[in-house]
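A.B. asks: Whenever a hint applies, use it, and build me the whole structure from the sequences.
Each chain, letter by letter, is given below.
4 protein chains.
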Amino acid sequence: MSFNTFGKIFRFTTWGESHGPAIGCVVDGCPPNISLSQKDIQKDMNRRRPGKSKFTSQRKESDNVEILSGVFQGKTTGTPISMIIYNQDARSRDYETIKNKFRPGHADYTYLMKYGIRDYRGGGRQSARETASRVAAGAIAKIVLKKLIGKKFNIIGGVIQLGLLGCNKNNWNDKEIKKNPFFCPDKKSVKLWKKYLLSVRKAGSSCGAIIELRASGIPLGLGAPIYSKLDADIANALMSINAVKGVNIGAGMEASLLTGEENSDEIRNLGGKAKFKSNKAGGILGGISSGQDIITSFAVKPTSSILSERETIDRKGKNTKISVKGRHDPCVGIRAVPIGEAMLSCVLLDHYLLNRAQCS
Amino acid sequence: MSFNTFGKIFRFTTWGESHGPAIGCVVDGCPPNISLSQKDIQKDMNRRRPGKSKFTSQRKESDNVEILSGVFQGKTTGTPISMIIYNQDARSRDYETIKNKFRPGHADYTYLMKYGIRDYRGGGRQSARETASRVAAGAIAKIVLKKLIGKKFNIIGGVIQLGLLGCNKNNWNDKEIKKNPFFCPDKKSVKLWKKYLLSVRKAGSSCGAIIELRASGIPLGLGAPIYSKLDADIANALMSINAVKGVNIGAGMEASLLTGEENSDEIRNLGGKAKFKSNKAGGILGGISSGQDIITSFAVKPTSSILSERETIDRKGKNTKISVKGRHDPCVGIRAVPIGEAMLSCVLLDHYLLNRAQCS
Amino acid sequence: MSFNTFGKIFRFTTWGESHGPAIGCVVDGCPPNISLSQKDIQKDMNRRRPGKSKFTSQRKESDNVEILSGVFQGKTTGTPISMIIYNQDARSRDYETIKNKFRPGHADYTYLMKYGIRDYRGGGRQSARETASRVAAGAIAKIVLKKLIGKKFNIIGGVIQLGLLGCNKNNWNDKEIKKNPFFCPDKKSVKLWKKYLLSVRKAGSSCGAIIELRASGIPLGLGAPIYSKLDADIANALMSINAVKGVNIGAGMEASLLTGEENSDEIRNLGGKAKFKSNKAGGILGGISSGQDIITSFAVKPTSSILSERETIDRKGKNTKISVKGRHDPCVGIRAVPIGEAMLSCVLLDHYLLNRAQCS
Amino acid sequence: MSFNTFGKIFRFTTWGESHGPAIGCVVDGCPPNISLSQKDIQKDMNRRRPGKSKFTSQRKESDNVEILSGVFQGKTTGTPISMIIYNQDARSRDYETIKNKFRPGHADYTYLMKYGIRDYRGGGRQSARETASRVAAGAIAKIVLKKLIGKKFNIIGGVIQLGLLGCNKNNWNDKEIKKNPFFCPDKKSVKLWKKYLLSVRKAGSSCGAIIELRASGIPLGLGAPIYSKLDADIANALMSINAVKGVNIGAGMEASLLTGEENSDEIRNLGGKAKFKSNKAGGILGGISSGQDIITSFAVKPTSSILSERETIDRKGKNTKISVKGRHDPCVGIRAVPIGEAMLSCVLLDHYLLNRAQCS
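Chains as they are written, first to last, in our numbering: chain Y, 1 to 360; chain A, 1 to 360; chain P, 1 to 360; chain D, 1 to 360.
Note that these hints are calculated values from the structure, not bench results. Fair warning: there could be bad hints in the mix.
As the list claims (entries may be wrong) - In the SDA-like style, the derived pairs of lysine to any residue whose C-alpha atoms are separated by at most 20 angstroms in a straight line are:
1) P/K316 - D/E266
2) A/K195 - A/Q38
3) P/K99 - D/E266
4) P/K52 - P/K275
5) P/K321 - D/E262
C.D. replies: The structure is reproduced here in structure tokens:
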């Protein structure tokens, strides 16, 4: 039971509203004696924070994270790591319009109906601002995984589809992802994407995206049947991110179009090691990692915060219209890349520790 | 933490191997005073069991479920409901070939590497036979939901894509689903599907499928942010089913192709009630049910148990080949329909009870 | 959340009513590749089962346990171990009197009021018969601990007070415990206890008991602050046993009477190892095992099933009287010894695995 | 699994070290729409904080709690309530002596051995300072219980034994508890207790205590068999408090001395309601509240922080001696009263919500 806590052994609890004084995160179950500094975490925070390019929200947040506990003389102690991020650019006036009207496609309506009360300022708890806490937790998970697994561990995400535009995955280049504002792994797609997204932005509209995550160096044996399968926990983790509507593992939805011959990854002995001839499975068989790269992708819907006027009702049930004028991302999917990486890192570390418990 | 337990308040634990003496399920957290009989559960069991048509495995299992506890004088008592299903047609000789060879696309390799031991007979614990227990638990969940919500509650699943063949969802007909051996909701597709699947079967091959689930009459307010979102829990539940590789909520992966205008479901006041003009969200906003129908779909890969010879290695790491001759489903996706319904029912009941705790 | 499940990683779920067809237990999270046979478990079952002497209930139950899953070719596989124990000597007619009257001191009243329904036969789910399942789970935990820790691991419980009669703990002898029907560790007390308990039985009355548990060979480091402290989890485990009303760790309640000087266990270096000069702490400091013996004790109330007539009300609220004539233990505390050992074993194994996850 | 989280539905997570910048608490699962202000919480904080009399530690902490989230316009919103308490009087120099020596009776040794690292300043995470966070969470639980149950709900704790001195429980007076510095319910004992504790303090020694908690107005039906019994959860909650070594429910350990006749609480119909003639059970039967007052007590050991020199070893294993000169409580049991109340309140609210889920 965990409304605001994620994980089994490596667990984090997030708190905070978009326009409250601060948001934060308590990470529990982190192994002791791991070197950890604020800087390590901040690096990931900066990848997610808004206002960095004209393709993301203009809200100015430094997303400066402070560590309040759990680290002593530069090392984790095994006690909870509490982190706090103060909200800086919270302009509540922007949100007077949404105080009484439900934005279609947002959770305004369901939150108010469920709880009978909600902090409507900037979406309150339902705002994607909460994901900053996830990135902080994920940064710790990555550092721990790197320490436990070694240098071969790597995790990277990229946007492989921006609205209607795909990219060529054969051109995937980890370094390219860090160079363009779209986390796009294919250099050749960047120019067209820029043009496209500017036009979407100018139109006051928004578009969706698909993000692919790749984790390599993952040991065999992570994941536990039947109800702690690695793929099921990844699906849960990614679907919990705001605006995500679909999750694929390996071939994903397209596995339905393959034959048994095409889909099963044949195995060969290569220099004494088992090697798979393909990776339709996405590195997971029967819920357990196979030692292949973990490949997963997820779809982010276009944000419903758009300039176009939309039909809706107000708190009293009256028919009305709404046009959202705040500071928004034309494609929220872009900033979902570091969030996806963070969630996947947390799931992998969690199962790494679980496997150590059961099978070491 | 729950390797073999699913759920938060309404929880079930499954046990058993494909060729052991029996499999079973303990359902915990079921509300008291609900009328429940073996017959009610058996009805759902029969929808999943193999050997009913030439399109599914020829293993003969009556899948007769016995209730061992938790029901007194025809009613639930609030104590755990233990159910047992004896294995009948377990022919272990069929599985001598897989004792020492890893079937590509199956979990043979990962199970053995993780645990250092495995019951290889019929796939042991990794066999889809485990899903019979889920259907038993789901049958109880459905009965309880019907009692708590009333007659307007309905849950139904259908195969909307069989291998390369789709169907016309505009022809969706709940009754049709019960009439054909494919759980296909579109009468017009059945004939072609028959022909197609027979050819797949004759070729000793297999194909995938996509299943769509629809739940109606669901009250607003089920699901709890941030890490017990209804959609994230559904994704977890469906991805935990054997061979599932992708999960969509509402528009799903295709939401990435829509504009903000197309994707946000506008709201109108209709006779004093909020009505959505579309349902791209699949009935869930911010992780909370909106009162619309819950729509979710998932992709099942083609089974890797095929007659075609495939390259693999044996337990000693030697290169070899394998051809699986046992009794298998040409499309495991078909029998996934009642399993998907069962898992969705359990998630919905779980959140119904959780919501009662927090917001009643 | 776990109504009928105990534990964190090593978990067991029990089910079944006193007069239903069977009771049982599903053990989850057991490490793989541990030799395990039905016989190993049965040995512990026999220590708990009734009808062995005139000092316990005359209900005849062989308490024969069957393993239905999770063990393959004599070894655990890491999958759930399902065990079933059929009820044999269930004479429901004995319980017609309690169908409509609430036995004072029993849970008849609270069960019916809470659930609105209950299986009254033999106390149904509230019967101590459920503890047979715990002993089965505990037997597995002991075997695993012995495999993981080695021969130095030992766990033993003894009755140190029988009603008004104590014993001399300085005479504690593990072997003596197995020889007398009271699990009494002090040979000199046995004769008097016999006489005393026979008189209690003849009078149709009952008496309480205090049981002490001792676990040796326990590695330092089990238990995790703050809310998974080893002592807090032991208190939870023991207080969950039927009729238990108090739990002590080390000096326990009497620690309140000591001075700081008397209570703190001084430490010395003995041959390169830390040795404590006393063990007031019961082997646990700050919720973490110190490497000393774990010492804990618990009080069992006298059963309320007595011949003496007692005032009560019936289901309709009418004043009435009741005298319980079924087959009962004059001192239920005696049979609580193997149950206490079982619960302690499960807690220790659980924390052993947890520690491996976090600190290996 | 929850190292630093307590509870099932109403959950709180604490973080922070004694001499870090701050400590805090995240409360999750609080029902929405409950009036809550900082003041309400501060009132309870003040009852626990040190430095109020010469009978407690002289550390000066205002224990000022700040609410960072989860409350909007004076009401809870159903989202996590994050609270922070800055450490003010953290004099790390006081703790240089314990940097390298293990204080007997403290968790210095086990923390370092388990984790290989620890924040030794003031005991770090193992310090009772953590309990301030519990009191904050408990204050919220009390307010919610009062709202849900009504005015008849009351919870109060008192010290019934101070070291070797008891008090007369027949003189129990709720109001008296608030008047004396010992939380003593018996006015007649206060004078002697003062004299006694001053002498303990002067001697540089310390003494233990027994605290009794009484909760009235508790509805029947809280608690769920078998492994979420109300009494077992209370035992867990109280034993998790620093320095607690024993927990009683109702008659507790002394139940072992009673006969079945003495111990079973007879029931009568009084004006249409079931009334018990006594309360040996402490208000709990079969793990479920009976509607009677919940009575529980727990023993706190004398703190091991004493002036007397004690034998111990240092980090290198060398024999040495230690005398603890910091600011300490001569009887830590006194300040355990509000902590015990807090923990009991949290358990009761948790089960209130759970019962609503299962049986409403």
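A.B. asks: When you check the alpha-carbon spacing of P/K52 and P/K275, does it fall within 20 angstroms?
C.D. replies: 42 angstroms, violated
A.B. asks: Going straight from one Cα to the other, do A/K195 and A/Q38 come out at no more than 20 angstroms?
C.D. replies: The given pair, whose Cα atoms are some 37 angstroms apart, is violated under the 20 angstroms limit.
A.B. asks: Hey, P/K99 versus D/E266, does the alpha-carbon distance stay inside 20 angstroms?
C.D. replies: Holds, because 17 angstroms separates the two Cα atoms, which is no more than 20 angstroms.
A.B. asks: Given the hint that P/K316 pairs with D/E266, test it: the Cα-Cα distance must not exceed 20 angstroms.
C.D. replies: 16 angstroms, holds
A.B. asks: Is it true that the CA of P/K321 sits at most 20 angstroms from the CA of D/E262?
C.D. replies: Distance ~16 angstroms between P/K321 and D/E262 Cα, so the pair holds.
In terms of the numbered hints stated before, the structure departs from hints 2 and 4, listed from lowest to highest.
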